[in-house]
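J.: Going down the list, the sequences are from chains A and B.
Quick note on numbering that gives the first Met the number 0: the first sequence kicks off at 0 and runs consecutively.
Quick note on numbering that gives the first Met the number 0: the second sequence kicks off at 0 and runs consecutively.
Calculated directly from the structure, the hints in this document are not laboratory data.
Mixed in with the good hints, there may be bad ones.
[To be verified] With a straight-line Cα cutoff of 27 Å, these simulated DSS-like cross-link-like pairs (lysine-lysine) come out:
no.: 1; chain 1: A; residue 1: K95; chain 2: A; residue 2: K153
no.: 2; chain 1: A; residue 1: K293; chain 2: A; residue 2: K51
no.: 3; chain 1: B; residue 1: K51; chain 2: B; residue 2: K359
no.: 4; chain 1: B; residue 1: K51; chain 2: A; residue 2: K51
no.: 5; chain 1: B; residue 1: K325; chain 2: B; residue 2: K306
no.: 6; chain 1: B; residue 1: K359; chain 2: A; residue 2: K51
no.: 7; chain 1: B; residue 1: K51; chain 2: B; residue 2: K95
no.: 8; chain 1: B; residue 1: K293; chain 2: B; residue 2: K95
no.: 9; chain 1: B; residue 1: K51; chain 2: A; residue 2: K293
no.: 10; chain 1: B; residue 1: K325; chain 2: B; residue 2: K293
no.: 11; chain 1: B; residue 1: K153; chain 2: A; residue 2: K51
no.: 12; chain 1: B; residue 1: K79; chain 2: B; residue 2: K95
no.: 13; chain 1: A; residue 1: K51; chain 2: A; residue 2: K359
no.: 14; chain 1: A; residue 1: K79; chain 2: B; residue 2: K51
no.: 15; chain 1: B; residue 1: K95; chain 2: B; residue 2: K153
[Claimed, not checked] Quick look at which bits of chain A chain B covers, simulated, 3 or more residues with Cβ under 8 Å:
no.: 16; segment: 56–65
no.: 17; segment: 82–92
no.: 18; segment: 125–137
no.: 19; segment: 171–184
no.: 20; segment: 303–309
no.: 21; segment: 320–330
no.: 22; segment: 391–402
The model shown is predicted, which means the values in this text are computed figures rather than measured ones.
Even glycine gets a Cβ: it sits at the ideal position worked out from N, Cα and C.
Here's the letter readout for the chains.
2 protein chains.
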Amino acid sequence: MQTLWDYRYAQRIQQMSSSIIRELLKLTNDPQIISFAGGLPAPSVFPVEEFKQAAINVLNNSGSAALQYGSTEGFEPLRKWVVEYSVRTGINITTKNVMITSGSQQGLDLIGRVFINPGDRILVEAPTYLGALQAWQAYQAEFISVESDEHGMKIDALDAALRAGPKFIYVLPNFQNPTGRTTSLERRQKIVDLAQQYGVPIVEDDPYGELRFEGEALPSISSLDSECVDIACTLPYAGNVIYLSTFSKILAPGLRLAWVIAPENVISTLVKAKQGADLNTAKFTQMTAHEVCKNGFIDQHINVIRKVYLERRNTMLDCLDEHMPKGVQWNRPEGGLFLWVTLPEHLNTTDLLQRALKEKVAFVPGEPFFPSGGGQNNMRLNFSFSPPDLINEGIARLGRVIQQEM
Amino acid sequence: MQTLWDYRYAQRIQQMSSSIIRELLKLTNDPQIISFAGGLPAPSVFPVEEFKQAAINVLNNSGSAALQYGSTEGFEPLRKWVVEYSVRTGINITTKNVMITSGSQQGLDLIGRVFINPGDRILVEAPTYLGALQAWQAYQAEFISVESDEHGMKIDALDAALRAGPKFIYVLPNFQNPTGRTTSLERRQKIVDLAQQYGVPIVEDDPYGELRFEGEALPSISSLDSECVDIACTLPYAGNVIYLSTFSKILAPGLRLAWVIAPENVISTLVKAKQGADLNTAKFTQMTAHEVCKNGFIDQHINVIRKVYLERRNTMLDCLDEHMPKGVQWNRPEGGLFLWVTLPEHLNTTDLLQRALKEKVAFVPGEPFFPSGGGQNNMRLNFSFSPPDLINEGIARLGRVIQQEM
């Protein structure tokens, strides 16, 4: 008998991306493959001992509370911690501006649920984060891609795209996924000015901002917007930017904890949407994360992560210098997890991947990150996950594969 | 300056329920209020010590893995545990039929995302679980309510409702939320037969099935469907029922762990949808739950829960006998967390709630559980959360409030 379920998927399911990266990650379960394909933090930097002590403290001191349902907004002391931590982003907020989510992916999903009607256009950088495309395709969004360079979205292209009436602008200003690029201060200011001019709000996705190991931190887009809304920056934030960040990159992704900062009325609507999505985020992990973070541990820990990732980025840059044939180019991100490689135009990285997998090395081809096409000759390389010796061996393998293709 | 966000909510947000229960639970934060309004397990039965030992073991033995991203389907050993545990539901499954979700609420949400187009009709019991209504309203579902009595949906009404072409049938067969009612075996069989006849699949939501403290367990709807699909019940499940259950009621809700059982092709589509929703469920909590459950602890623990809830149900029944004026009726659920009270028809429980709160006692009025109206003179009482002395005092207060109204 035929099941009644399989021909009954909703229209939005037809639109869901083919999950290329997911399929790829399955392939790379082969332990012999050196993978630069994931977006995984280095497991060696997870603070396992601190976490264990925190879990013990939470269960000893408030075990029943930790194992009970929590509020949809999130564990109040953790929201307070976010308020204090966010002083560095330069916007003035209270806990009413903060919601805890089950990873930043859920923040993106809830934003889609609250704001996107079928056919709405979302303005994105080209290339952009694949998870945002996946989240919003479920709500039948369409995408307007804005050509970008090493300094972020090109302003002429942004101006033209804003005329198409997007619902909001989506931007990852720091060490962007997939390119590792950082939007310059001048462009940040321009994005805020143009968004104001056209009356279009902004989603600022900032999972990697604190992982800067070189150069000077730049003001967040929300802080520039905040100045524009409230010159003295003294009122609780009520501007046009929804800001997302996460514990996944500064503590551990296995907690599935992240946060959204937004005007109070937006938060209260996102909270209603989250109630229908998963009621609340696990209180036990929230309380444990708070216990780990509460006494300034996180800043000290971020310094450890920066040091490890700087070494790995440097190793990867050195290995690329050594092993890549002429005609291959790459950038030099000042932080984050990724760098971006550009091959000569006649090469196709999706084809190349099959050969690379035979040589036991993996990367993500550029194409899926461009919703309107492009990126055929690009690849995303993750430098955070593999230790230096594997980076060396993996880039050597990749160099040989590319050399053969050329 | 006016924010650009607040007038831009999607159409689906206009449809979201007013979250009556949520508002109510806020009110009942007053520690003087005795609340029968929640759906909370008794915190005294949370296995805090076992959980602490499990968390320590997980972090000692596989700390880095526990804190890393996991697969979207869920932690493989936990899925295997679900396969073994589900033998009791009488259907033959493999891990390919199982996905771990961030609470059952997420299972409901993902089912909505995968199957519901705007305007699709979902057939529900009247009354039914409010969280399902909330989840599916986000996908602009409409609801067909089927009148129910102490044995579940009335079969004539179900037959008539199936003619309206629902996308699927949603049923909570055991100790239903909000009524505590259990669908009889005869009705279960009829539901499966009619679903077959009309070609309509079924979502079987079973969070409370194991919390039976009296009477005999009845076969799950999925097992009756399975017999119908595969007489020998030997093939991996490929039938017409999606089955949901959860760790929230047998272990602890603060983990946000539940599971979906479905035909393999449905699971793989739900997994794609989950990837866009939150990437994966926290691996740390999955590994810890597996560590707690793996050596048969759960069956022994369920017996503890049953004993506590039986005592509390009995206390509540005795107190209702003692304190309720004539004309008030209630049922006697054989398990679960809730019982259902019916007042004389001229009384309105939504009005009554305001007076009850003044007397420092809370319940949930019946109306929100009826998507097509009804329940004005009903109330849901939770008997699992409050210890016996508070049940006694709370029901005495409630009896006085109702007496005054009559």
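J.: All hints are to be evaluated individually against the structure, with a verdict given for each.
T.: Going through the hints against the structure:
1. K95/A to K153/A: 35 Å, violated
2. K293/A to K51/A: 15 Å, holds
3. K51/B to K359/B: 35 Å, violated
4. K51/B to K51/A: It holds: about 10 Å lies between the C-alpha atoms, which stays within 27 Å.
5. K325/B to K306/B: Cα-Cα ~30 Å, so violated.
6. K359/B to K51/A: Violated: K359/B and K51/A sit about 40 Å apart, past 27 Å.
7. K51/B to K95/B: The given pair, whose Cα atoms are some 30 Å apart, is violated under the 27 Å limit.
8. K293/B to K95/B: Given that 27 Å is the threshold and the Cα spacing comes to 19 Å, the pair holds.
9. K51/B to K293/A: Distance of about 21 Å is within 27 Å: holds.
10. K325/B to K293/B: 50 Å, violated
11. K153/B to K51/A: 52 Å, violated
12. K79/B to K95/B: Holds, because 10 Å separates the two Cα atoms, which is no more than 27 Å.
13. K51/A to K359/A: This hinted pair is violated, its Cα atoms lying about 35 Å apart.
14. K79/A to K51/B: 26 Å, holds
15. K95/B to K153/B: Distance of about 34 Å is beyond 27 Å: violated.
16. 56–65: holds (count 6)
17. 82–92: violated (count 0)
18. 125–137: With 5 residues in contact (Cβ-Cβ under 8 Å with chain B), the coverage given for the segment 125–137 of chain A holds.
19. 171–184: It is violated, with 0 qualifying residues against the three required.
20. 303–309: violated (count 0)
21. 320–330: violated (count 0)
22. 391–402: violated (count 0)
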